[in-house]
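K.L.:
Given next are the chains, with one letter for each unit.
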Amino acid sequence: MIQMKDISKTYENGTIALERVNVEIGKGEFVFIVGASGAGKSTFIRLLFREVLPSSGELIVNGHDVVNMDNSEVPYLRRGLGVVFQDYRLLPDKTVAENVAFAMQVIEAPRRRMQHSVNAVLDIVGLRDKYKNFPSQLSGGEQQRVAIARAIVNNPALVIADEPTGNLDPETSWEIMDIFKRINASGTTIVMATHDKHIVDTMRKRVIAIEGGKIVRDEAQGVYGYEN
Amino acid sequence: MKISTLEYVIREVFFSLRRNSWMAVASVSTVAVSLFILGMFMILVMNMNRMAESLESQVEISVYLKDEVSESSIEDIRGMLESMQGIDKVTFVDKAEAMSRFEERLGEQKFLLEAIGDTNPLPNSFEVKVKHPDMVKAAADEIAKIKGVESAKYGQDVVQHMFDITRLIRIFGFALMILLGGATLFIISNTIRLTVFARRKEIAIMKYVGATDWFIRWPFLLEGIVLGCFGGVFAAFALRLAYGIVTNKIYETLAFFPLIPMFPFIGYVGIGIMICGMAIGAIGSTISLKRFLKA
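Order-wise, the sequence lines are chains A and B. The first sequence begins at 34 in our numbering and counts up one residue at a time. The second sequence begins at 53 in our numbering and counts up one residue at a time.
If you are wondering where the hints come from, they were derived from the structure by calculation, not from laboratory data. Be a bit skeptical, because a hint or two may be false.
[To be verified] Using 16 Å as the maximum straight-line C-alpha spacing, the simulated EDC-like pairs for lysine to aspartate or glutamate come out as follows:
{"hint": "1", "chain 1": "A", "residue 1": "K127", "chain 2": "B", "residue 2": "E254"}
{"hint": "2", "chain 1": "B", "residue 1": "K253", "chain 2": "A", "residue 2": "E84"}
{"hint": "3", "chain 1": "B", "residue 1": "K54", "chain 2": "A", "residue 2": "E141"}
{"hint": "4", "chain 1": "A", "residue 1": "K127", "chain 2": "B", "residue 2": "E64"}
{"hint": "5", "chain 1": "B", "residue 1": "K253", "chain 2": "A", "residue 2": "E141"}
{"hint": "6", "chain 1": "B", "residue 1": "K118", "chain 2": "B", "residue 2": "D128"}
{"hint": "7", "chain 1": "B", "residue 1": "K253", "chain 2": "A", "residue 2": "D126"}
Make a model of the complete structure from these sequences and hints.
P.N.:
What follows is the structure, encoded as structure tokens:
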């Protein structure tokens, strides 16, 4: 699903975010990316959906050559991915259903499929009954569930999540993780950057630890390994 | 484009205009004012052109014949003039008619002619019209060489002066049109920039979920075109009113002033202004979006 070969990223101001990173993530894996703030986690995540380009190295994501692709191909890379952010990034003037359908609308999906898929993913995240609500009428956890529904509505092979529980209380965080577990169980690869020690230590999934732009640890059933 | 996408684009434009209605009103008004001024200058330049053409087309060559030229030679000269390239019309004016025209022109001062008694010092002449004003000088030079022709005059200085003024007006008008076009472009692109800025999060989300640049661009492009079009429509109506008032005022005092008649001229100008507004709107949106669409 993801092949990173000697990936380095140096920003224009000279900051080295990643240095010769080599990682392979297979189909259906659940991977936590951990590390202190500024370690390079976010850059790692942003490279996957080509929000930033590496300075050197090779990167294949879901069959797309991310480094050498033309700008016009980027939308097609992203259609195969679902991205979830810490701050949800929902459209405030659209309802729950509209926010989710939006992801299908922009890729010009057939309308009859849209209604069916939106209902199906709202069932998965448990928000079917709130489809008419606006984001401002929802709690943080509910908003994040809408964001997850939006990320998975196009059946992506890979879901990338950047601190999805960062703004949530422990109980709600577990609800969110439960949804991610179910998505993963259906065969979708999940790559998640997180600071949540408790979640990482409890779930015992693959853990990739980044420090100073380098991978310092890659364990199949790892733990967080840092003190919060 | 799919029908559902077209619906989406139209809905987005409608919502955006409604959401930023005051912004839309302000930008339509400014665009209308700019296009109105632009249109006024277009009308002015076109009328100036017409006036210059009309004056140019009235330029005649007066071909004065020597007194000793016989009647048969006059006919020969007429034949030669008529066979020359670029000549439109040749009219013979004999001494007597020249004198009666002169008398007419003197009007109340006709008594001055008493001083010369019965003699008629005016020569026989031809009035020669050329097909294109640019040909006047060459034709006059050619005619002057014909045997029996005393001189061929066409008011060189006046014609040259007129050409210079017309050219100046055309250049000035063109420069002004470019300047006003640029200002209108700036206004529209700024309005769209505000809309784009207000919706930058939405644009970012669209990009994350895999929207193509064209999918993102369409609603803004159409919004720009709609703003430009509305501005153009108001400007066109205002121009129609203004041109009606101005032509009436001018015709009241100068009945034969060579203005371009209102119809269908003002219709063409209106359509031109609307197309201009729409094109400026489209270009303005494209400029505003460029920065936000970088992958």
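K.L.:
Indicate, hint by hint, whether the structure satisfies it.
P.N.:
Consistency of the hints with the structure:
1. The straight-line distance between the Cα atoms of A:K127 and B:E254 is roughly 11 Å, inside the 16 Å bound, and the hint therefore holds.
2. A distance of roughly 15 Å separates the Cα atoms of B:K253 and A:E84; the hinted pair therefore holds under the 16 Å criterion.
3. Proposed proximity of B:K54 and A:E141 is supported: the alpha carbons are some 7 Å apart, at most 16 Å.
4. Among the hinted pairs, A:K127 with B:E64 is consistent with the structure: their alpha-carbon atoms are about 12 Å apart, no more than 16 Å.
5. Using a Cα cut-off of 16 Å, the hinted pair B:K253 and A:E141 is violated, with the two alpha carbons roughly 20 Å apart.
6. For the suggested pair B:K118 and B:D128, the alpha carbons sit about 14 Å apart, so the restraint of at most 16 Å is met.
7. Taken as a hint, the B:K253 and A:D126 pair is honoured in the structure, with Cα atoms around 12 Å apart against an allowance of 16 Å.
Hint compliance for this structure: hint 5 alone is broken.
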